[in-house]
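Residue numbers (our numbering), protein chains in the order written: chain H, 1 to 253; chain U, 254 to 496.
Please note that a few of the clues may not be correct.
[As the list claims (entries may be wrong)] Taking lysine-lysine and the DSBU-like style, the derived pairs with C-alpha atoms no more than 35 Å apart in a straight line are:
{"no.": "1", "chain 1": "U", "residue 1": "K316", "chain 2": "H", "residue 2": "K244"}
{"no.": "2", "chain 1": "H", "residue 1": "K2", "chain 2": "H", "residue 2": "K20"}
{"no.": "3", "chain 1": "U", "residue 1": "K380", "chain 2": "H", "residue 2": "K20"}
{"no.": "4", "chain 1": "U", "residue 1": "K307", "chain 2": "H", "residue 2": "K243"}
{"no.": "5", "chain 1": "U", "residue 1": "K442", "chain 2": "H", "residue 2": "K2"}
[Said to hold, decoys possible] Label pairs and their computed distance ranges (CB to CB):
{"no.": "6", "chain 1": "H", "residue 1": "P247", "chain 2": "U", "residue 2": "N256", "range": "29 to 35 Å"}
{"no.": "7", "chain 1": "U", "residue 1": "Y295", "chain 2": "H", "residue 2": "T239", "range": "26 to 32 Å"}
{"no.": "8", "chain 1": "H", "residue 1": "M174", "chain 2": "U", "residue 2": "G337", "range": "44 to 50 Å"}
{"no.": "9", "chain 1": "U", "residue 1": "G406", "chain 2": "H", "residue 2": "S22", "range": "29 to 35 Å"}
{"no.": "10", "chain 1": "H", "residue 1": "L121", "chain 2": "U", "residue 2": "Y295", "range": "54 to 60 Å"}
[As the list claims (entries may be wrong)] Now the stretches of chain U that chain H is said to cover, found in silico as 3 or more residues with beta-carbon under 8 Å:
{"no.": "11", "stretch": "324 to 332"}
{"no.": "12", "stretch": "343 to 352"}
{"no.": "13", "stretch": "369 to 380"}
What the hints contain is simulated information worked out from the structure, not anything from laboratory work. By construction, the Cβ of each residue, glycine as well, lies at the ideal position given by its N, Cα and C atoms.
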Amino acid sequence: MKYAQLIRLLVARELTLRYKRSVIGIGWTLLNPLLTSFVLWIVFSYVFASRLPSGQQFAPFLLAGILMNTFFNQGLLGSANSIAGNGGILTKIYIPPQVFAVSSALAAMCNFFLGLVPLVLVVYISGQSMSLLFPLVFLLGFFMAIMVAGLGLCLSILFIRFDDTQNIVSVLLMTLLYFTPVFYPVSALNPSLQQIIRFNPLTSYLDVFRWAFSNNSVATFWDWLFIIITSLLSIFLGTYVFKKYWPRTVSLL
Amino acid sequence: MSNIVIEANNLNVAYRVLMNRTGSMKELFRDAVKGRVRILDYVALNNVTFSVEKGEVLAILGKNGAGKSTLLKVLAGVLPPNKGTIFVDGSIAPMIELGAGFNSEMTGAENVLFYSALMGRDTREVKKRIESIGNWAGVSDHMDFPLRTFSSGMVARLAFATATDTSADVILIDEILSVGDSEFQKKSKERMVSLINSGSAGVMVSHDMGAVKEIATRAIWLEAGHVKMIGNPTEVVAAYEAN
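Generate the whole structure from the sequences, applying the supplied hints.
Below, the structure written as structure tokens:
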């Protein structure tokens, strides 16, 4: 792969650059989801903790949700912005623009994997234990990166053409957060609402993640199938849309 | 096999410009409803045909907005033409506004590595060259400090040294024959000339008529996207200057 070296540099740059001027540096990657989860834990443990099936703990449930959600948001916005953000390079040197979108998705994946370290601690502190199947989480992260890169490529065209897409997307992402069982268990909802939540691919991602990591949820074969189909569909759609509209969009950079 | 390195056939590039482009979906929608969206096709290149053979250096002349930079971007593969075909044989070194991708928070050495990777070089090779690149640019003491601590002249010199560190088959130059102080200008011009001559072909955009006559073997004069004249540099420069 001709651009492998460049992708590696781009990922490393994205991971380190964000925290270059901060004191604890990349430590923020670990601390950020922990702090967010802590706040939500204080707020929601009174509401939802008792709704979890017995044997499942709220703290690792919540942190897993936050980590996955951060991965999705960061990766999607990162790859959607990456092409406009690197317009200065793309209008001077020929590099397939997809390289930047893929790098952003991979950087978000690396952040997600780093976040698994505090999750291990939380799992054991809350009295649970790791599942032996936890390496499956890396496979899951890979599928998520593919999905995020595909969606990001679609959005990147819109981001260049219309400045206000960014505002619309941030509202949509917030709405999506409420339609994803990040801080509540699906079982806490009424049956018709549960049906809607099940249509959200992120629900399957979360179920598989919590199940594979520490047996903190139930996942089925259909969840895996749904994950694979949505991620492949997304990357095919993303590359198709991008290829189609890019020649007309590049002059706007 | 013929000696043709670059072949451009009937190149057409038009930018579609929304006259009241505000970049906002809301306003675009409002204007579309009122029928006020005017789309203008701004033609940057119109039926440009030429070829460059092995060993040639082509200079592109023309006023601002004549389409010189657009043509260079099409050659670099950055901008796809709306019509026509472009063929470039071999690797391309695009030297268009040097220092693309430089980041002020990264160190000089990191920037050299990143910029080289963007130019398509093998980073394992570049790592060995970083020191000599820094030396040539005269910033070797600063290579481990963030780029924000560099003066703008130092940044320009480092960018030039990195961009010109290795050669390619086809070299595209946009007005960067000289950077820095007079001593560095002389040094960089020498390097540029030897670089152009080392590749199999070069294309340069320049307003420096002296340099064009000195370096180029052929010149092309663009006006409003059309090829107005093509031929011997001395003749084309004379016609262009008389205009």
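Here's how the hints hold up against the structure:
Restraint check: the Cα-Cα separation between K316(U) and K244(H) comes to about 33 Å, which is no more than 35 Å; the hinted pair holds. About 28 Å separates the Cα atoms of K2(H) and K20(H), which keeps this hinted pair within 35 Å; it holds. Our distance criterion of 35 Å between C-alpha atoms is met by K380(U) and K20(H), whose separation comes to about 22 Å. A threshold of 35 Å between alpha carbons decides the hint, and for K307(U) with K243(H) the separation of about 33 Å falls inside it, so the pair holds.
Of the pairs offered as hints, the one joining K442(U) and K2(H) holds, with about 32 Å between alpha carbons and a cut-off of 35 Å not exceeded. In this structure, P247(H) and N256(U) meet the distance hint of 29 to 35 Å, their C-beta atoms being roughly 30 Å apart. Distance hint for Y295(U) and T239(H): a CB-CB separation of about 29 Å, consistent with the stated range 26 to 32 Å. At roughly 47 Å, the beta carbons of M174(H) and G337(U) sit within the given window of 44 to 50 Å.
Between G406(U) and S22(H), the C-beta spacing of about 30 Å keeps the proposed range 29 to 35 Å intact. Restraint check, L121(H) to Y295(U): a C-beta distance of roughly 59 Å satisfies the suggested window 54 to 60 Å. Counting residues of the stretch 324 to 332 of chain U whose beta carbon lies closer than 8 Å to any beta carbon of chain H gives 5, which meets the minimum of three for the stated coverage. Requiring three or more residues with a Cβ within less than 8 Å of a Cβ of chain H, the coverage given for the stretch 343 to 352 of chain U holds, as 4 such residues are present.
Judged by the Cβ-Cβ criterion of 8 Å, the stretch 369 to 380 of chain U is covered by chain H as claimed, because 6 of its residues qualify and three suffice.
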